[in-house]
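Student: For reference, the chains in residue letters:
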Amino acid sequence: MAWFKKARKPSKSSALAEAPSRVPEGLWVKCPDCAQVLYNKDLESNLHVCPKCAHHFRISASDRLRALFDGGQWTEYFANLTSNDPLHFKDTKLYKDRLRSTINTTGLKDAVLIATGRLDGIEIVVAAMEYSFIGGSMGVVVGEKITRAVEMALARRQPLLIVSCSGGARMMEGALSLMQMAKISAALARLDRARLPYISILTDPTTGGVTASFAMLGDLNLAEPKALIGFAGPRVIEQTIRQKLPEGFQRSEFLVDHGMVDLIVDRRSMKSLLSSTLRFMGAESSPGEPPVVQTTDAVEVET
Amino acid sequence: MPPDLLDFEEPIGVLLKEIEALSMLPRTGERQLSLDTLKRRVDSIRSDIYSKLTPWQRVLVARHQNRPTVLDYVDHLCTEFTEISGDRRYADDHAIVTGFARYKGEPVLIVGHHKGGGGDTKQKVYRNFGYAKPEGYRKALRAMKLAEKFRRPVLAFIDTPAAYPGMESEERGISEAIALNLREMAALDVPIVVCVHGEGGSGGALGIAIGDWILMHEFAIYSVIPPEGCAAILWRDSARKVEAADALKITAPDLLRLGVIDEIVPEPPGGAHTNHNVAAALFDTALERALAAVSAMDSPTRLEARYRKFRAMGNIGIDGL
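Listed in order, the protein sequences are those of chains A and B.
Just so we're aligned: the first sequence equals residues 1 to 303 in this note's numbering.
Just so we're aligned: the second sequence equals residues 1001 to 1321 in this note's numbering.
By construction, these hints were calculated from the structure, which means they are not laboratory data.
Quick reminder that beta carbons are idealized off the backbone N, C-alpha and C, glycines included.
Each hint can be trusted.
Derived CB-CB ranges, DEER-like:
#1 A:Glu-44 <-> B:Arg-1151: 56 to 62 Å
#2 A:Thr-105 <-> B:Asn-1315: 22 to 28 Å
#3 B:Arg-1089 <-> A:Glu-289: 47 to 53 Å
Could you put together the complete structure from these sequences and hints?
Tutor: In structure tokens:
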């Protein structure tokens, strides 16, 4: 492990340029906002939020689940689903190879984790997106897993949380990726009619087809501070209007100002806010001990 | 070359010029004979070219300036069209047209993108080239809720390059507008027939394209991203658009095979833009049958079938189901 790894400063205008995840590695890390040098262990125990300036580092889906579930315990579902490259897509390299190498480096099979567990005693279903898996892009596997998560929430009559962190639909799966927007939204229509809570948490970045479908459909849309949230990418808009975008355009604060997000929530207070809002929506703590659950790398359970 | 011809139709161009020259001369039996021969050759070459269009060539046909618009189809196939306007929130978006009409004498709701095709530049600017803003999607939803209230089926016409990627779209919540349409159309309790008749440009197209039966014109395209955009991102060179168009599988036969659409609507040889009458007649046949089929179902059955249709999309690409 390196002694010191500098986190890449996110480019101000371009989400696409910052392809490498900003999940910090190494023993020490420098905050890209305030330049404070931080001990990684301290950063970890602070949920990857800079103690000095509250910069929110991007975190992995499993760190996200750890931060949300009681005792850091959950059961993962549908982890075996993988894309079979339905288009036989090839750009500068084969999508098949891209998939294989991403699966090897991340240890995940696609860009979302589906889990159940308890949040402050409330049984919930969570879908957490993983940015390091091809930019968190939504292809057929992400679409199917999130749809199953919605249907699971419906069947168990439990609240649903989706934590978005995605560049949008996955180009390499073409129109099939586009249709995942429709598929998930159709399932959310049923959840909505069944009067079950759905809270959408938007993190940096949430763009494209993910924003234009489930991420904007929460009973509450919550955002982490300063997250990039939008439909068209900043570069595309700049090309359309032929001028630079103003500072803070498409950031969480901008979305709250324009009425699209309910609240900006610091990651460190997210869990308690979720607990109280879920209770407002009628959720209750489950009695007794939680059912036997495995930690982190739980076994597959089909419903 | 006549301005309506596309680059790859060049062989026809030469013949058309010859025909034009010949028909300006005084008519004789012999000239008439060679005119007929030339016209037959044009038809046969055109059929030949259109029988093996590449994906990128289909993009050019789908974007053709004379391709029939939603209002052309309404003119040909409907009566009593009454346009309705505005989202009752902010503005009226001319890139999406909504209105009441009668199709085969029965009331239907029309909703469709309009790129300003067939018109001059002023027309196109008025329609914002078919790039709809949030108010367009909200107008469409308002109109569709009226259809639901009065139990009238919806006919949705898809032809847009994309949702408008500008600042005001983001400020007024383009994502939320599209997202809400996806959710509400999935549960809208009336028959919906969708037809992708031109350019199905990603989320901007999908925002009014949820329905019980998805028709797609033979030379239309439907894509998650324009080939130029895809090439710019994945190849870092927008000139690779031809390869991107191929890789993205955006043609009607590809999408039928992938289960994204239900049926292909044939076009006249040479594309819908060459003959609006024939294009409308061919569309009429498919539309009438589709509308009758989905209208025959009772509500719960139809809504369940709609859910199952979209629920299954993409499963062809998953291992381990």
